[in-house]
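K.L.:
Sequence:
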Amino acid sequence: MAMNEPDAVALSPAQSPRRRRWRWLVALGLAAGLLLALMVGPPAAPLLDGLRHGIGQAEALASARPALAVVLYLAVYVLAIGLSLPVAAWLSLAGGSLFGPLLGAGLASLGGALGAMLLYLLVRRLVGAGRGVEGALRRQPTLARAAEGFAAEGFSYLLAIRLVPVFPFWAVNLAAALIGVRWRDYALATGLGVIPAAAVFAGLGSGLEGLLAEGGPGPGAIYRPQLLLPLLGLAVLVLLPALWRRRRRRTTPHARP
Numbered sequence: 001m002a003m004n005e006p007d008a009v010a011l012s013p014a015q016s017p018r019r020r021r022w023r024w025l026v027a028l029g030l031a032a033g034l035l036l037a038l039m040v041g042p043p044a045a046p047l048l049d050g051l052r053h054g055i056g057q058a059e060a061l062a063s064a065r066p067a068l069a070v071v072l073y074l075a076v077y078v079l080a081i082g083l084s085l086p087v088a089a090w091l092s093l094a095g096g097s098l099f100g101p102l103l104g105a106g107l108a109s110l111g112g113a114l115g116a117m118l119l120y121l122l123v124r125r126l127v128g129a130g131r132g133v134e135g136a137l138r139r140q141p142t143l144a145r146a147a148e149g150f151a152a153e154g155f156s157y158l159l160a161i162r163l164v165p166v167f168p169f170w171a172v173n174l175a176a177a178l179i180g181v182r183w184r185d186y187a188l189a190t191g192l193g194v195i196p197a198a199a200v201f202a203g204l205g206s207g208l209e210g211l212l213a214e215g216g217p218g219p220g221a222i223y224r225p226q227l228l229l230p231l232l233g234l235a236v237l238v239l240l241p242a243l244w245r246r247r248r249r250r251t252t253p254h255a256r257p
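First residue of the sequence shown? That's 1 in UniProt numbering, and the numbers climb one at a time after it.
Rather than coming from a laboratory, the hints here were simulated on the basis of the structure. Errors might be hidden in some of the hints.
Said to hold, decoys possible - Derived DEER-like restraints, expressed as beta-carbon distance ranges:
| no. | residue 1 | residue 2 | range |
| --- | --- | --- | --- |
| 1 | Leu232 | Ala67 | 30 to 36 Å |
| 2 | Ala67 | Leu188 | 25 to 31 Å |
| 3 | Ala187 | Gln57 | 34 to 40 Å |
| 4 | Leu122 | Leu192 | 20 to 26 Å |
| 5 | Glu153 | Ala60 | 43 to 49 Å |
| 6 | Arg184 | Leu126 | 36 to 42 Å |
| 7 | Ser63 | Val127 | 21 to 27 Å |
| 8 | Pro86 | Val236 | 18 to 24 Å |
| 9 | Ala67 | Leu122 | 25 to 31 Å |
| 10 | Arg182 | Pro66 | 35 to 41 Å |
| 11 | Ala64 | Leu126 | 18 to 24 Å |
Cβ coordinates follow ideal geometry from the N, Cα and C atoms, glycine included.
Take the sequences, apply the hints, and build the full model.
P.N.:
Put into structure tokens, the structure is as follows:
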């Protein structure tokens with residue numbers, strides 16, 4: 001099952017926080033490397049030219065035939081999410097670059113929600129709610145707790161997971177469909193929950209596109225609002241899972257003997 005936390009099952013209580021801290025350090029190191037690359041100067045000319053050329057072609061289509069560009073973008077987004085491809089963030093970045101932060105965020109939210117609903121219907125149709133999940137629930141305490149949460153408060157539980165990206169988007173889609181979240185709860189929680197992340201990534205895509213159009217990032221690029229604000233939003237999204245786990249550990253001290 002996708003909604004599984006190996007650290008919580010396979011590692012001892014003393015090892016699990018240590019392993020998670022190392023993962024956060026690696027993620028922060030990668031983010032710091034990206035920010036440093038933006039601040040010290042432009043990337044290699046061939047890469048920059050290739051990115052600018054690809055963006056230019058896509059923008060030419062969006063300018064010449066905007067309706068067609070919107071339809072194609074939504075179709076690609078819905079199909080990718082419906083197939084559980086882990087590309088939601090990249091597609092949202094592309095939406096911000098092509099259509100701007102507002103329209104890009106709206107299209108990314110719509111595409112993500114429609115794709116997730118399509119996947120839900122396909123899984124429920126082909127597999128059926130709850131089939132093949134009972135054995136996994138008995139073996140994995142994390143899945144058992146997730147199933148209990150979905151059964152008790154499907155909308156609130158799923159909306160919290162959407163807003164606090166503890167698990168990958170595609171994994172939540174599959175797990176919610178297999179566990180058997182009600183359609184109404186799934187549709188409402190998904191439609192609302194995808195908006196913040198889509199807005200952040202679309203804004204970031206719009207800011208990066210503007211930098212490429214100006215010839216590449218320079219030393220002061222990171223301080224521009226069109227790039228700084230989405231990056232701050234991205235930082236909040238990255239930190240939310242850790243805060244959520246810490247709050248759960250404080251409010252449920254009896255979870256571990």
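K.L.:
Note whether the CB distance of Leu122 and Leu192 lies within 20 to 26 Å or breaks it.
P.N.:
Given about 22 Å between the Cβ atoms, the range holds.
K.L.:
Does the beta carbon distance between Leu232 and Ala67 stay inside 30 to 36 Å, or does it fall outside?
P.N.:
33 Å, holds
K.L.:
Quick check on a hinted range of 25 to 31 Å for Ala67 and Leu188, using CB atoms only.
P.N.:
28 Å, holds
K.L.:
Does the Cβ-Cβ separation between Arg182 and Pro66 fall within 35 to 41 Å?
P.N.:
For Pro66 against Arg182, whose Cβ atoms are near 37 Å apart, the range 35 to 41 Å holds.
K.L.:
Are Pro86 and Val236 spaced within 18 to 24 Å by their CB atoms?
P.N.:
This hint holds: roughly 21 Å between Cβ atoms.
K.L.:
Range first: 36 to 42 Å. Now tell me if the beta carbons of Arg184 and Leu126 are that far apart.
P.N.:
21 Å, violated
K.L.:
Could you say whether the range 25 to 31 Å given as a hint is met by the Cβ separation of Ala67 and Leu122?
P.N.:
Hint holds: Cβ distance 28 Å, inside 25 to 31 Å.
K.L.:
In this structure, is the beta-carbon distance linking Ala187 and Gln57 contained in 34 to 40 Å?
P.N.:
35 Å, holds
K.L.:
Assuming the hint says 18 to 24 Å, is it satisfied by the Cβ distance from Ala64 to Leu126 or not?
P.N.:
Hint violated: Cβ distance 40 Å, outside 18 to 24 Å.
K.L.:
Taking 43 to 49 Å as the stated bounds, is the beta-carbon spacing between Glu153 and Ala60 within them?
P.N.:
Check passed, 48 Å falls within 43 to 49 Å.
K.L.:
Measuring from beta carbon to beta carbon, are Ser63 and Val127 in 21 to 27 Å?
P.N.:
43 Å, violated
Of the numbered hints listed earlier, those contradicted by the structure are 6, 7, 11.
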